[in-house]
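> Sequence:
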Amino acid sequence: MWQGSVVSLHIAPKASAPMESVESVRAVPGRGLAGDRYFLGTGVYSPKPSHGGREVTLIEAEAVAALLDGVQNAEGHRLGIKLAPAETRRNIATSGVPLNHLVDREFWVGPVRMVGTRLCEPCKHLEGLTQTGVMAGLIHRGGLRARILAEGVIRLGDVVRPK
472 MWQGSVVSLH IAPKASAPME SVESVRAVPG RGLAGDRYFL GTGVYSPKPS
522 HGGREVTLIE AEAVAALLDG VQNAEGHRLG IKLAPAETRR NIATSGVPLN
572 HLVDREFWVG PVRMVGTRLC EPCKHLEGLT QTGVMAGLIH RGGLRARILA
622 EGVIRLGDVV RPK
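Positions 472 to 634 (this note's numbering) are the ones given, in order, by the sequence shown.
A couple of the hints might just be wrong.
Have a look at the derived ranges for each label pair, beta carbon to beta carbon [said to hold, decoys possible]:
1. 551 to 500: 34 to 44 angstroms
2. 602 to 622: 33 to 43 angstroms
3. 553 to 499: 31 to 41 angstroms
Straight-line distance between alpha carbons at most 25 angstroms, and here's what the computed SDA-like set of lysine to any residue pairs gives [unchecked claim]:
4. 553 to 492
5. 634 to 589
6. 595 to 491
7. 595 to 483
In short, the hints are calculated from the structure, not lab data. Treat the numbers as computed from the prediction; the structure is a model and nothing was measured. C-beta: ideal position from N, C-alpha, C; glycine also.
Can you build the whole structure from these sequences, using the hints too?
Rendered as structure tokens:
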């Protein structure tokens, strides 16, 4: 059995705005993270049905770190993409958490119970806000979309564990 942790938390007040790092954030079922663009209905994809997939997104800090060495261009040269976890546009960066395994599974982020709904694959919007190669580097490692099942406050350092 694994156990990981929250290494950073991020919200943005509106579409395409830079993500702000916070030390804690309230998670609200059916809404998302207080102050975030999707909680407020101002995200790029807010007009489209989400089926609970935009309440919160998570990404492995290990996947972000792997961008530095893992992405190659057509000539085989490493691109050396360096991103901060906030630049991935995901709300929660974790360490030691196998996010891909949490699709359709319940888990805890501190006192907040969630269920993984689907992988959060990278998109052209993300690459447009960051740099070329981010989409390729995060394919199948772009994180997890989750629904919040129980309200609570998530804090830096909180334990992430399966239910």
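> All hints are to be evaluated individually against the structure, with a verdict given for each.
Here is how each hint holds up against the structure:
no.: 1; hint: 551 to 500: 34 to 44 angstroms; result: holds (40 angstroms)
no.: 2; hint: 602 to 622: 33 to 43 angstroms; result: holds (36 angstroms)
no.: 3; hint: 553 to 499: 31 to 41 angstroms; result: holds (33 angstroms)
no.: 4; hint: 553 to 492; result: holds (17 angstroms)
no.: 5; hint: 634 to 589; result: holds (17 angstroms)
no.: 6; hint: 595 to 491; result: holds (21 angstroms)
no.: 7; hint: 595 to 483; result: holds (18 angstroms)
The structure meets every hint from the earlier list without exception.
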